[in-house]
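Number of protein chains: 2
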Amino acid sequence: MNEALCTLTRKPDRAAERDVLDEVFDRSLVATVSTVVDGQPWVVPTFVIRDGNRLLLHGSTGAGALRHVANGAPVAVSAFLLDALVVAERQFEHSANYRSAVVRGTCTEVGEADTATTLDLFTERILPGRPAECPAHTTRELAATLVLELAITGDNWIAKQRSGPPSMPTGESWVGVIPVHSAYGTPVSDSRCPLPNSVCRLIG
Amino acid sequence: MNEALCTLTRKPDRAAERDVLDEVFDRSLVATVSTVVDGQPWVVPTFVIRDGNRLLLHGSTGAGALRHVANGAPVAVSAFLLDALVVAERQFEHSANYRSAVVRGTCTEVGEADTATTLDLFTERILPGRPAECPAHTTRELAATLVLELAITGDNWIAKQRSGPPSMPTGESWVGVIPVHSAYGTPVSDSRCPLPNSVCRLIG
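Those sequence lines, one after another, are chains A and B.
Heads up: the first sequence begins at 5 in our numbering, then just goes up one per residue.
Heads up: the second sequence begins at 5 in our numbering, then just goes up one per residue.
Misleading hints may appear alongside valid ones.
As the list claims (entries may be wrong) - Interface residues of chain B toward chain A, partial, derived using beta-carbon atoms under 8 Å:
| # | residue |
| --- | --- |
| 1 | GLY56 |
| 2 | ASN57 |
| 3 | GLN95 |
| 4 | LEU131 |
| 5 | CYS138 |
| 6 | SER171 |
| 7 | ILE182 |
For the record, the hints were derived by calculation from the structure and aren't laboratory data.
Quick reminder that beta carbons are idealized off the backbone N, C-alpha and C, glycines included.
When you get a sec, could you build the whole thing from the sequences and use the hints?
Below, the structure written as structure tokens:
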């Protein structure tokens, strides 16, 4: 692990603790998987969930990028939460309140025996209660799905955050923050059946 | 340009047109800049805006990553909009409605003479009307800011999307989509001055 890649060289006050990393991956749903192909940066946004000290990602066994990563290419998995726009007096002091995290390393494939339970875990994190409402995975479905994990160790991650009001206010004009929220809307049904409990709970 | 990096090898039906790329970068505000450092993937989320056929990013001249990218390291700038969770009967068919885009290439530095107007453009895209409300940039502020552009050409980008209901419904249980919205909340003032017009307009 290149130490510089996991060390903040600027604004060390924005370095954040492990709980921020957990929040970021637990709330962002979508993360960005970066890797290197023929010396070039390669990137794809995908669902990533956290399970304790590992990140989980999954996709089709036919997905070239996922196979590349499964074969040991180094990855950097990043996610962020944009919490607010920070409005200052001077454009220079405008900023964002955010939380972000990156985990680096090499993915390993989740063994076939654990694919079903790991996929359940994946769905459970995105839509709690949903796996129990679905029929069991078929052998064919499991065989078509690649599930990868990336360990979160003591030193292969970085988390950053900024919070609070803008800096350098003079009191001569308005400064403050504009919160950014993400929320679920009313489900759009493609069925005459009643909403499942998982969906009702998610949308509150 | 490695052609494979800009070609979808799976699900070509999800390849999208240039207007999707524009929507993604115009609405996401935050994008992910991926590059390669010593053969390792390196990534940072940052504000990125689109201006016609270029993406603009900026930061402190003291930011190591930005300098690396300014010095010609290849980048992949990606962004996504998560539009909805797609709930199907089988876990295997669960998905997401999304729009995503990646632009690849090498950044060039915006010349000093254009830094001020480009920074105005940057702020204008995030908080329309704000540059006109702020005092002029100082020479010191401009000197401390690095502004980079990445051209969007005919063939250095990819856009993808999924929309619509889940596939493979049998009619035996509910299927549909749960929209995901992002919105601005009530501004948090750190000042007794009245809200500026730009902020009032943004929050509607």
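Satisfaction of the ILE182(B) interface hint, Cβ to chain A closer than 8 Å: Interface hint status for ILE182(B): holds (5 Å vs cutoff 8 Å).
Mind checking the CB of CYS138(B) against every CB in chain A and telling me if the closest is under 8 Å? Since chain A brings a Cβ to about 5 Å from CYS138(B), closer than 8 Å, the hint holds.
For the hint on GLY56(B), just tell me whether its beta-carbon gets within less than 8 Å of chain A. Where the cut-off is 8 Å and the nearest Cβ of chain A is about 21 Å from GLY56(B), the hint is violated.
For the restraint on LEU131(B), tell me whether the closest CB of chain A is nearer than 8 Å. holds (6 Å)
Minimum Cβ distance from GLN95(B) to chain A below 8 Å? Nearest chain A Cβ about 5 Å off; hint holds.
Quick check on the hint: ASN57(B) CB to chain A CB, less than 8 Å? violated (20 Å)
So, SER171(B) near chain A? Judge it on the closest CB pair being under 8 Å. violated (10 Å)
Of the numbered hints given earlier, the model fails hints 1, 2, 6; all others are met.
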